[in-house]
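Colleague: Sequence:
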Amino acid sequence: MAQAIYRRTVISRYLRTLPPLETLITFEAVGRYGSFTQAATELFLTQSAVSKQMRALEDSLKVPLFERKPRGVALTAAGTELLATVDMLLDRLQHSVRRIRSVHQSNAVSVLATHALAQFWLFPKLIEFNKAHPGIAVHVHAINEIDEASLVDFDLGILYGDGEWTTLNSRFVLPEIVYPVARPDFDASSIRTLDQLATAPLVQIDTSAWSCLDWHDWFAHFGKDYQPAESDPVFNQLTLAYRAVQQGMGIGLAWSFMADEAVARGEMQRVTDLALVTERGEYLVSLRHRQLSPPAQLFHDWLLESVQAA
1 MAQAIYRRTV
11 ISRYLRTLPP
21 LETLITFEAV
31 GRYGSFTQAA
41 TELFLTQSAV
51 SKQMRALEDS
61 LKVPLFERKP
71 RGVALTAAGT
81 ELLATVDMLL
91 DRLQHSVRRI
101 RSVHQSNAVS
111 VLATHALAQF
121 WLFPKLIEFN
131 KAHPGIAVHV
141 HAINEIDEAS
151 LVDFDLGILY
161 GDGEWTTLNS
171 RFVLPEIVYP
181 VARPDFDASS
191 IRTLDQLATA
201 PLVQIDTSAW
211 SCLDWHDWFA
221 HFGKDYQPAE
231 SDPVFNQLTL
241 AYRAVQQGMG
251 IGLAWSFMAD
261 EAVARGEMQR
271 VTDLALVTER
281 GEYLVSLRHR
291 QLSPPAQLFH
301 DWLLESVQAA
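For the sequence shown, the UniProt record's numbering begins at 1 and goes up steadily by one.
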């Protein structure tokens, strides 16, 4: 009885102090476009309905949110402050709803991975998993800017690091082994040493926005100071850089999970015998405080078994 009274008290407090959710959603669209008309088009409402909702929102807050202009509207200081808050809260709500839908679907697993790992290593395994378990859908989300906090919205992730994360369970799946590669018809016969490699045309990776080795790091591990040539092509995605190597634009860095099979099939050639083996690698991770759903646990165990079998 006491709990029911408390619940009604909390709900009534929200109803008394917060404007209706639909007015905040409409407000976000108006603030983003600076136009009632464009917001109405996006939300499939009439302009008069949008205008009515915004008047109701201003009446509820008892402050003006817009300055009416000949063409559209501009946010007041209060409107700008409210939009920042609404943007953040709606984004968090959307992420939470998406995660709940994914996590609690009886036949779905959500997995986070980098672009290169998803394309070259995970995708072939998904094909095999689908053959073995056709009733389970694996949803892969690929981004490069992954950190510990990124796992909140996903069942599983494949995270690069040392395996030590305070909020994550982790299981080692891949070592980090990086070596230079080129197309088979690229003439690398004269490249034997670090100095010779440093003067060759190298495909560069811009890693300023994410954690990844580049040529400067790779040479540094062998004790050589290196600066890229201005004429070298630069790509901000590892998959794009590797594609450029496949097209013959130069020599590129390849991770073993990307290039081992291509080298074995003769589709790529290793340039020099040098390979960097770091103390880091790829780990299959999940949140410690959240129990995996049966499909996620099945995929987790299957993936580890496939790694051990390989």
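By construction, these hints were calculated from the structure, which means they are not laboratory data. Heads up, some of the hints might be wrong.
[Claimed, not checked] Here are the simulated lysine to any residue pairs, SDA-like style, with alpha carbons at most 25 Å apart: (1) Lys131 / Asp147; (2) Lys224 / Asp273; (3) Lys125 / Thr23; (4) Lys125 / Asp273; (5) Lys125 / Val97; (6) Lys62 / Ala84; (7) Lys125 / Ala84; (8) Lys52 / Thr23; (9) Lys62 / Leu90; (10) Lys131 / Leu304; (11) Lys125 / Leu168; (12) Lys125 / Pro19; (13) Lys52 / Leu83.
Colleague: Run every hint past the structure and note whether it holds.
Modeller: Hints and how they fare:
Restraint check: the Cα-Cα separation between Lys131 and Asp147 comes to about 31 Å, which exceeds 25 Å; the hinted pair is violated. Between Lys224 and Asp273 the alpha-carbon distance is near 16 Å, which keeps this suggested pair within the 25 Å criterion. With a C-alpha separation of about 45 Å, the suggested pair Lys125 and Thr23 falls outside the 25 Å cut-off, and the hint is violated. A C-alpha spacing of about 29 Å is found between Lys125 and Asp273, which places the hinted pair above 25 Å, so the restraint is violated.
Between Lys125 and Val97 the alpha-carbon distance is near 28 Å, which puts this suggested pair outside the 25 Å criterion. For the hint pairing Lys62 with Ala84, the CA-to-CA distance comes to about 18 Å; that is within 25 Å, so the pair holds. Taking the CA atoms of Lys125 and Ala84, the gap is near 41 Å; set against the 25 Å cutoff, the hint is violated. Restraint check: the Cα-Cα separation between Lys52 and Thr23 comes to about 9 Å, which is no more than 25 Å; the hinted pair holds.
Our distance criterion of 25 Å between C-alpha atoms is met by Lys62 and Leu90, whose separation comes to about 22 Å. Between Lys131 and Leu304, the direct Cα distance comes to roughly 17 Å. Compliance with the 25 Å bound is thereby established for this hinted pair. For the given pair, Lys125 sits about 23 Å from Leu168 by alpha-carbon distance, which is consistent with the 25 Å threshold. This hinted pair does not check out: Lys125 and Pro19 have alpha carbons roughly 48 Å apart, beyond 25 Å.
A hinted pair counts as satisfied when its Cα atoms are at most 25 Å apart, and Lys52 with Leu83 qualifies at roughly 18 Å.
In summary, the structure is inconsistent with hints 1, 3, 4, 5, 7 and 12 from the numbered list given earlier, while agreeing with the others.
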